[in-house]
Amino acid sequence: MPLDYVNLSIGDVVSCREFVLDLDTVSEYVAAVGDRSNVFEPESVSPMVPPMAIGALSLRGVLDDLGIPSGTLHAGQEMEFLDSVLVGETLKCRATIAQNSVRRGVRLVGVKMDVVRGARTIVMSAKSMIMVPA
Amino acid sequence: MTEIGTELAPIIREITQIQITAYAGAAGDFNPIHLDEKFAKTTQFGGTIAHGMMIAGLVSELIATSHKRTWPESGKLKLRFKAPVRPGDIVTAHAKVKQIRGTELTYSVGVRNHKDEDVIIGDATVAVVVE
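Going down the list, the protein sequences come from chains R and D.
Using this note's numbering, the letters of the first sequence map in sequence onto residues -1 to 132.
Using this note's numbering, the letters of the second sequence map in sequence onto residues 71 to 201.
Treat the hints with care, since some could be wrong.
Said to hold, decoys possible - In the EDC-like style, the derived pairs of lysine to aspartate or glutamate whose C-alpha atoms are separated by at most 20 Å in a straight line are:
(1) D/148 - R/76
(2) R/125 - R/112
(3) D/138 - R/81
Claimed, not checked - Residues from chain R that face chain D, not an exhaustive set, calculated with beta carbons under 7 Å:
(4) 72
(5) 74
(6) 79
(7) 82
To be verified - From the derived model, a few chain R residues whose C-beta atoms are all more than 12 Å from chain D:
(8) 8
(9) 16
(10) 86
Derived by calculation from the structure, the hints in this document are not laboratory data.
No experiment lies behind these values; they were computed from the predicted model shown.
All residues carry an ideal CB built from backbone N, CA and C; glycine is no exception.
Next comes chain R alone, as it looks inside the complex (with noise of 0.2 Å):
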């Protein structure tokens, strides 16, 4: 169910979800954006996941708890990488609302995501600020 926007407070969690990074997944992600950093080597021992397919794998089950409106833009995007990440390893994101402010009418949110390993391990810390139709 879409959350209620308006009501959404400072600190709310609005997402906290684990997820696996698997060979298909990840391989789905570079094949879709034409990644050739070489960050992934699908045939080595351990391949590294691309910094930006955490983010991007992240915020898809931010986006599903969200429930996004239709026409809702995403303005800006801040990431720190703060360790590499194996394909296969499991990670959990908790994302929480950062601002939620309306101007000329539309709502500008922040959502503020941090990417754990284990249990205090932050590989990646993200915000993301969306434009929804107020």
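Using the hints, position chain D against chain R.
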């Protein structure tokens, strides 16, 4: 030797609707603004547009190509999406060193379309391995 003003070799790509649709499936982002031409025609953009994160991936690819492992282990990216990228656009991801502080390099990064309009602007910071 990296100096302020050093530029990385740009990445130039044509963006297609097939690629946008593939990205939607891979990233699980099925917002109709990216996929449904009929819906997208009713919006301010007048047609489908690419996902911002898909285009931002070019910036990450650009930095990763030069910095390999240090990018996934220490990279910071701050981007603003300035304009939409449409199917058929040819985009160029670029990066130029703007600051060197200790072992950290900060690039001014961005993506331009074939009309030389900025579609993404921002900064990328990465640690440099000292040999």
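A quick look at each hint next to the structure:
no. : hint          : result
1   : D/148 - R/76  : 4 Å, holds
2   : R/125 - R/112 : 9 Å, holds
3   : D/138 - R/81  : 13 Å, holds
4   : 72            : 4 Å, holds
5   : 74            : 5 Å, holds
6   : 79            : 4 Å, holds
7   : 82            : 4 Å, holds
8   : 8             : 20 Å, holds
9   : 16            : 15 Å, holds
10  : 86            : 16 Å, holds
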